[in-house]
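Peer 1: Our numbering puts the first residue of the sequence shown at 13, with every later residue one more than the last.
Hints listed in this document are in silico derivations from the structure and should not be mistaken for laboratory results. Model, not experiment: these values are computed from the prediction. For glycine and all other residues, C-beta sits at the position ideal for the given N, C-alpha and C. No incorrect hints appear here.
Pairwise CB distance ranges (calculated): (1) Asp504 <-> Asp184: 48 to 54 angstroms; (2) Glu78 <-> Lys468: 56 to 62 angstroms; (3) Gln144 <-> Leu164: 17 to 23 angstroms; (4) Tyr596 <-> Ser178: 41 to 47 angstroms; (5) Gln34 <-> Tyr596: 49 to 55 angstroms; (6) Thr237 <-> Gln144: 23 to 29 angstroms.
The calculated lysine-lysine pairs, modelled on DSS-like cross-linking and capped at a C-alpha distance of 27 angstroms, are: (7) Lys277 <-> Lys188; (8) Lys756 <-> Lys468; (9) Lys38 <-> Lys619; (10) Lys434 <-> Lys455; (11) Lys745 <-> Lys544; (12) Lys358 <-> Lys391; (13) Lys434 <-> Lys464; (14) Lys166 <-> Lys275.
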Amino acid sequence: MRFWLLLGFLSTLPAFGDRGEQIYTKHCLSCHGDRGQGVADEYDESLIGTKSIASLAKYIHRTMPEEDEDAVIDQDAYLVAQYIHGAFYSPEAQAKIKPVRKDLLRRTQYQHRRAITDIVQSFRGRPQLGTQNGLRGHYYHKEKMDDRKKELAKRIDPNINFNIESDHGIKDIDPKAHAIFWTGSLVPKESGIYSFRATTPNGVRVFINEMEREKFYGGETHRKTAFIDAWVSSGNQMRSVEASIFLLGGHPIPIYIDFVSYKEKKSSLQIEWKPPHGKWEPIPTRVLFTESAPTAAIISTNFPPDDASLGYERGSSISKAWKESVAKASIEAARQIYTDINVLAKTNSKDKERNKKLKSFCLKFATRAFARPLSPTQKNHYIEDIFDADNDSETATRRSLMLILTSPYFLYPSLNRGDDGKPDDYTVAAHLALSLWDSVPDKELWEAANQKRLGKEAEITNQLSRMMSDYRTKAKTRSFFYHWLNLSEKEDLGKDPKLFPNFDQRMIADLRTSFDLFIENVIWSPSSDYRKLFTENKIYLNKRLANFYSAPTPKEDNFKLLLTPDKKRAGLFTHPYVLTAFSYHKQTSPIHRGVYLSRNILGRFLKPPPNAVEFKDTDFKPDLTMREKVTHLTKDENCMACHSIINPIGFSLENYDATGRFRTHEKNKPIDTVSDYPTPEDSIVKITGPDDLARLAVESPEAHRAFLKHLFHHLIQQPINAYGFEAISSLRKTFVADNFHVRKIIMTMARETIPR
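Take the sequences, apply the hints, and build the full model.
Peer 2: Set out below in structure tokens:
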């Protein structure tokens with residue numbers, strides 16, 4: 013009691029000269045070093061962390077130095093804590109000792125692909141998809157195999173699942189002579205390989221983002237090269253044809269489906285897809301749109317993984333493999349672009365001004381790739397010299413495009429500066445596009461830069477508000493949550509089928525969709541409230557998930573926000589996808605759950621374990637609960653330095669099994685979720701379940717800072733301390749003042765990091 017009263021008094025006083033340093037030098041320096049760097053064979057871990065001065069003082073009073081724990085107590089403990097906190101322990105002190113600088117970064121592989129796609133897209137026009145989901149279906153009567161004489165109906169179909177024997181709702185359709193043509197767009201949620209499958213006994217051609225076109229009936233556009241070509245039926249026998257393609261998350265692509273049944277008994281068609289991390293399923297209506305997007309130039313060249321050693325991906329590494337990928341990507345892009353060059357450059361093979369138009373196209377392409385007008389020297393190097401040296405306009409165009417796409421001015425966005433080397437409006441436009449879209453400026457940003465409007469805060473705010481509603485911002489925000497929660501690395505979430513029957517890969521894919529919908533519902537709602545990530549007690553379920561989690565079953569097999577019977581859900585902490593990801597094949601893993609949630613969500617500082625001890629279930633008696641096993645495994649004092657934080661968090665979620673289902677017993681024993689949890693201030697609070705975790709995430713400044721730090725690194729891809737050690741505190745102050753509005757803080761981060 014004496015110490016706590018003294019501590020309260022001391023915390024109100026100024027520093028006592030160099031007394032704290034003197035005590036540290038006498039009792040602590042021999043083990044910890046003059047800057048807390050550690051001493052070999054004594055204590056080789058650095059003294060750095062996030063504890064407050066008061067918390068450090070309590071710890072020193074209680075345990076230090078190890079050989080004489082009473083040597084530094086009370087006032088002396090506080091003075092030592094005050095000294096080391098300001099000298100080297102705190103993040104602020106570390107920032108002063110080792111100033112963090114902004115790195116010169118290249119585009120990441122994702123930014124590289126996105127930028128090329130958007131540059132080419134700028135010559136076609138940005139797709140205007142509207143809000144109507146589904147595909148436009150055109151239903152025709154057929155008199156001959158190749159004719160469509162009579163259009164029977166036009167309607168919007170939620171997806172492609174047609175069967176002539178079902179209640180299809182098309183009047184006067186001839187069961188043995190009809191054709192259907194669907195048009196629209198598809199917006200994938202994430203980047204990766206997508207597989208598509210057409211199942212039919214009839215004839216079908218599926219066109220997904222093909223380059224070449226020809227005019228077809230009714231003024232519609234038809235592709236020459238089918239992505240899936242099953243036009244010639246096989247004796248009216250049911251068959252499935254598959255094909256795969258790389259797609260960019262958040263980038264609309266056109267989809268056209270041409271179906272025919274002529275003089276055949278059976279007529280049906282189902283179009284399915286298998287997204288990354290997913291299973292075969294009908295293409296969800298929510299990713300389909302009735303308006304057709306222009307063709308997208310998407311690069312499929314493989315790149316080496318980007319550096320993620322700091323906990324977030326960034327373009328800091330330069331390797332031979334990366335250079336080769338850049339070269340290959342430029343070749344692939346030039347080939348794709350030239351395939352459609354007549355449309356992009358508004359010319360044709362008989363055009364007398366073709367060479368002039370191709371040169372003009374390359375100049376515009378370079379301007380958009382470099383995100384600013386070219387200097388005379390650049391114009392000569394990337395355009396004029398190449399066209400002057402080669403009489404073949406096709407070769408010159410390809411060479412120019414390849415040189416542009418391998419230029420440092422494209423590869424390194426931060427090189428975007430004015431002639432005087434200082435940032436200008438074009439720098440601002442490039443920064444905003446990279447921060448929110450991982451891309452290059454669009455037409456609106458470009459015009460604002462041209463007109464020198466981006467020096468005004470009001471114009472920047474207007475641009476950011478507009479950009480936030482873009483699919484690319486939504487795709488980047490979605491990927492943040494997977495990185496933040498370490499879910500992007502979780503590939504195998506399967507469980508023991510004997511212990512968890514019906515929990516198959518399709519169930520896992522549904523949980524991933526449920527997680528996506530949950531994030532969308534919170535972040536893109538009007539309030540965009542960070543706190544609802546942890547306080548929402550409902551989850552999105554379809555019929556399959558509702559049955560598994562014993563929830564009310566939706567009437568339709570769509571995802572609905574439902575309350576589970578346990579009524580004990582707490583947002584992300586208890587979402588089944590998160591709980592499943594941090595569980596073993598047969599049972600829960602309180603350690604995995606505790607580590608990732610305490611570090612990434614609650615913002616607790618955890619040192620690497622002094623001795624990595626592998627959990628082996630076979631080492632324990634079969635009647636022990638998971639809590640009993642983990643308690644025994646981590647009882648060592650060295651382990652408990654961190655497990656005093658980890659275990660209470662993991663134990664509080666033990667009411668949820670390895671699939672996230674609620675339970676009250678394990679091994680025929682009541683589950684105990686209650687633990688004492690040490691806060692960053694070294695006070696003890698009792699945690700009884702996920703509601704208490706949610707309260708910590710909502711109220712704790714450390715949790716707020718952890719979220720903001722992860723979000724900042726994902727958006728800006730620079731160390732946050734490079735913007736000043738007070739940057740995180742300033743962001744949190746703004747975050748709290750804006751009622752924890754996530755979209756607003758994203759805009760703030762993009763605005764406050766504009767090069768000045």
